[in-house]
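Can you make the complete structure from the sequences, with help from the hints?
Read in the numbering used here, the sequence shown has 23 at position 23, and its numbers run on one by one without any break.
It cannot be assumed that every hint is accurate.
To be verified - Computed list of lysine-lysine pairs in DSS-like fashion (alpha-carbon distance at most 30 Å, straight line):
no.: 1; residue 1: K98; residue 2: K34
no.: 2; residue 1: K126; residue 2: K141
no.: 3; residue 1: K155; residue 2: K98
no.: 4; residue 1: K34; residue 2: K155
no.: 5; residue 1: K155; residue 2: K67
no.: 6; residue 1: K67; residue 2: K98
no.: 7; residue 1: K155; residue 2: K141
no.: 8; residue 1: K34; residue 2: K67
Stated by the list, open to error - Here are the in silico distance ranges between beta carbons for each label pair:
no.: 9; residue 1: P145; residue 2: S70; range: 21 to 27 Å
no.: 10; residue 1: G154; residue 2: L123; range: 29 to 35 Å
no.: 11; residue 1: D107; residue 2: V139; range: 42 to 48 Å
no.: 12; residue 1: S4; residue 2: S142; range: 50 to 56 Å
no.: 13; residue 1: F71; residue 2: L123; range: 20 to 26 Å
no.: 14; residue 1: T63; residue 2: A23; range: 17 to 23 Å
Hints were generated in silico from the structure; no laboratory data involved.
Virtual Cβ for every residue (Gly too), placed ideally from N, Cα, C.
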Amino acid sequence: MPSSHEEWIRQAIGLAVENVRNARGGPFGAVVVKNNEMIATGVNIVTTTHDPTAHAEIMAIRTAGQKLQSFQLDGCELYTSCEPCPMCLGAIYWARPKAYYFAYTRDSAAQAGFDDAYIDDQLHLKPEERAIPGHCMPVGKSSAPFVEWAQSIGKIQY
1 MPSSHEEWIR
11 QAIGLAVENV
21 RNARGGPFGA
31 VVVKNNEMIA
41 TGVNIVTTTH
51 DPTAHAEIMA
61 IRTAGQKLQS
71 FQLDGCELYT
81 SCEPCPMCLG
91 AIYWARPKAY
101 YFAYTRDSAA
111 QAGFDDAYID
121 DQLHLKPEER
131 AIPGHCMPVG
141 KSSAPFVEWA
151 QSIGKIQY
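Right, here's the structure in full:
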């Protein structure tokens, strides 16, 4: 069992390389660890599942959440072969591990054709100014779902 950050990173890299060799998806792998025990792994399976959200980090987080029966990865660490894209970084923040580690930067990914700079740039624009425009369409004067949530006694905060 790996015992250092470098060993866990090497496992994530190994998953990424194996994923490419097996033609399952892109060159990305991830490992979720808690108390130096592997909880879950994930690889990029976007093309084989026809799911644009099936990135390695997302797959590992989903599996870890199911295994731990929790939507938060308290006390966990995530190791990934590459610096997370904007979507995966958002998922990492929602999952709340105590830390994440990556082997290669977004620049390395860009050199291989995976350039997240475009998405990063789009996030800084107003929704209606983005390449895929977003349009706010409020209905009525209240935010009914949020009013219901605020008043719900059975909600689980996250």
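Tested hints:
1. With a C-alpha separation of about 10 Å, the suggested pair K98 and K34 falls inside the 30 Å cut-off, and the hint holds.
2. Annotation: proposed proximity of K126 to K141 holds, straight-line Cα distance about 22 Å (limit 30 Å).
3. For a cut-off of 30 Å, the pair hint linking K155 to K98 stands: about 24 Å separates their Cα positions.
4. Between K34 and K155, the direct Cα distance comes to roughly 27 Å. Compliance with the 30 Å bound is thereby established for this hinted pair.
5. Using a Cα cut-off of 30 Å, the hinted pair K155 and K67 holds, with the two alpha carbons roughly 22 Å apart.
6. Taking the CA atoms of K67 and K98, the gap is about 18 Å. The hint holds against a cut of 30 Å.
7. Restraint check for K155 and K141: the C-alpha separation of about 24 Å stays at or below 30 Å, so the hint holds.
8. About 12 Å separates the Cα atoms of K34 and K67, which keeps this hinted pair within 30 Å; it holds.
9. Between P145 and S70, the C-beta spacing of about 24 Å keeps the proposed range 21 to 27 Å intact.
10. G154 and L123 have their C-beta atoms about 33 Å apart, which keeps the hinted 29 to 35 Å range intact.
11. A hinted range of 42 to 48 Å holds for the C-beta pair D107 and V139, which are about 43 Å apart.
12. Between S4 and S142 the Cβ separation comes to about 53 Å, which falls inside the hinted range of 50 to 56 Å.
13. At roughly 24 Å, the beta-carbon separation of F71 and L123 lies within the given 20 to 26 Å, and the hint holds.
14. In this structure, T63 and A23 meet the distance hint of 17 to 23 Å, their C-beta atoms being roughly 21 Å apart.
Checked against the numbered hints above, the structure breaks none of them.
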